[in-house]
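Taken in order, these protein sequences are the chains called A and B. Residue numbers are given in the working numbering: position 65 of the first sequence equals residue 65, and the series is strictly consecutive. Residue numbers are given in the working numbering: position 169 of the second sequence equals residue 169, and the series is strictly consecutive.
The hints are simulated quantities; they were obtained by calculation from the structure and are not laboratory data. These numbers were taken from a predicted model, which means no experiment stands behind them. All the given hints hold, so there is nothing to weed out.
List time: in silico SDA-like cross-link candidates among lysine to any residue, alpha-carbon distance up to 20 Å:
(1) A:K237 x A:A153
(2) A:K198 x B:L279
(3) A:K198 x B:S213
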Amino acid sequence: MTTMPQIRPDDRPLLIAFGFTLVILVIGTGYTLSTTGTMPLLQPSYLMQQLQIGSFLGICAAGMMLVILTGHIDLSIPWTLTSAAMVATSVGGPWAIPAGLSVGLCVGLVNGFGVSVLRVPSMIFTLGLDTVLRGLMVARTGGFAPQDTATPAMLYLAKAKLLGVPVALFVWIAVSLVVTFLLTRTTFGRALYATGTKERAAWLSGIRTRAVVTGAFLGSALCAALAGVLLAGYSAKAYQGMGNSYLLPAIAAVVLGGTHILGGRGRYAGTFLGVVLIVLLNSILSIMQMPEAFRQIIYGAVIIGMLLIYGRGTRVSE
Amino acid sequence: MTRWIAQNRGFAAALVLFAALYFSYHLMHPRGFSTAVLVQNANELVAIGFVAMAQTVPVLLGGLDLSVGAVMTLAACVASWLLDGTPAQIALGMIATLAVGAGFGLMNGLIVVYGRLQPIIATLATGAIAIGLALLIRPNPGGNVDGDLNWALTNSVYDFAETYGFARGGDAAWLQPFVNIPVPLILLFGTACLVWLPFKRTVTGRTIYAIGSAEGAAYASGLPIDRARIAAFTLAGFFAACGGLYLAIQTSTGNADVVQAGAYTLNSIAAVVLGGTALLGGTGGVIASILGAMILRAVSFYFRILDIDPLLQPLIEGIVLLTAVSAVAFRTFGVKNQLELFR
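The task is simple: from the sequences and hints, build the whole structure.
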């Protein structure tokens, strides 16, 4: 980052998000010291446990970031995640995880087709596909949690520890490395940024923008499916609505990490920090036993406040 | 006439679709073409209709308001405390409810304009705040709404006149042509005609359309773009509060339901698109979105008379929505110059 001074403004959100994460830790530790005299937030085991829970959100956010970079949005994450989990648990055996991921593959291809070829606004197409997936799962399971349980491989990925570190955290890190590599070292990554900045210009300069957008949706759906498989392993089974609480936090994490919601700008490190920030904020609000009402208000106020600090957009676009 | 159709193709298509859906619904319904069915359907339409109206105004700017469902919930929770007592108290309560919604919308507008944030992400955050406030006001579902008001506003004009004893209890000759019209429909279209249509003709209203078409050009022409943006979000808050107010009157309760708020927000976007308003802004209108909401509701009415397995309903709803939005998009295959597809 020091070699490319022209992307300095992109570092600001990263620094602010990092600073805010520290502030949260200090406030939380101060609170626990004053009430119980302990500092659970600074214990590695507690942090590991929080990050293990956060890894599901982190994987969703990594995929969401690919889509947001192209200037689109993927609202089908909740039921892609749930469908993948349900399919994986019902297939079972060695094919459970591939079956779950193939759900993501299909969803991503359909989303990509609808958005890039049919040119339906992504906001409404992914929403429609989310409803269809919900309908399929409700029709299949009868609206109840399916009885199938997660396979040992899924349990291992979500719950086990390797060298004292949760395996889920390794999966998140692996996804992060893949996304970072894609974004910074491949033509696909450069094409994502170009398409998000100005699709028309990208197309005229020979980028196959349809394939690029489809690729982004594919990445997002695969990440959501992976998160679904892991989450089913973590709770030992799949259940209705298990993905509902991942959509808005994933968008928030991407945006808090400095990615522009209209596409074309943003770095993966920011998204990673955004997820850490949201996970820590949530865990501190739980420690404080904050009622749901104040949680929602604080959550909203933090997002608005941080975005205001990040620096404001232009007064008039174009 | 042909020219009007050519200029309002989305609206005309939605109108035909709704007319076909709703007419055949009445044909198949055992008690079709009766006031009772009409009143029931109208009641189910109002809340989503108002929220769709609310969503339309920011969409015309080229933005989105993800807080409309939450503001509607907040307004319903406020209303559930205030709509009881003397007529004057009830009237004040209604005004206070609408003021809460409009005030929240105003806050959205100020954040978007002076904070220069993207509307979609700013309203995502303020939506969480609205739900938090609603939970503070109504930690548990409940409420106390005047019974007469509930009866009068959720039935036909005749029942309204009878409840409040005007026009000789609904029997006056001049009222007879109107007695079978459901009051909720009058409220919905009345608000649209009295608030939106005059507003649309003001400079601020035209500026909303101008911003959606070409923001740079609107700015360069000296149009009041900041004022128009703030007005659009305030109006969205006001319409959402109308929906919340009606929901509270209809159900006599306020319920700070996060899932329901999210569902209303997402359905409002679907209704706006089905009505023919472009998500990119600049074309469409509030009346069209009411029509979009009517189509959404008409589809769900069919489940009752066709005896479809309830487990299949979400699937059919989703397929209808996806087909409707994709059908519009098939024109992309006829585009000669591919460059027109990209922006």
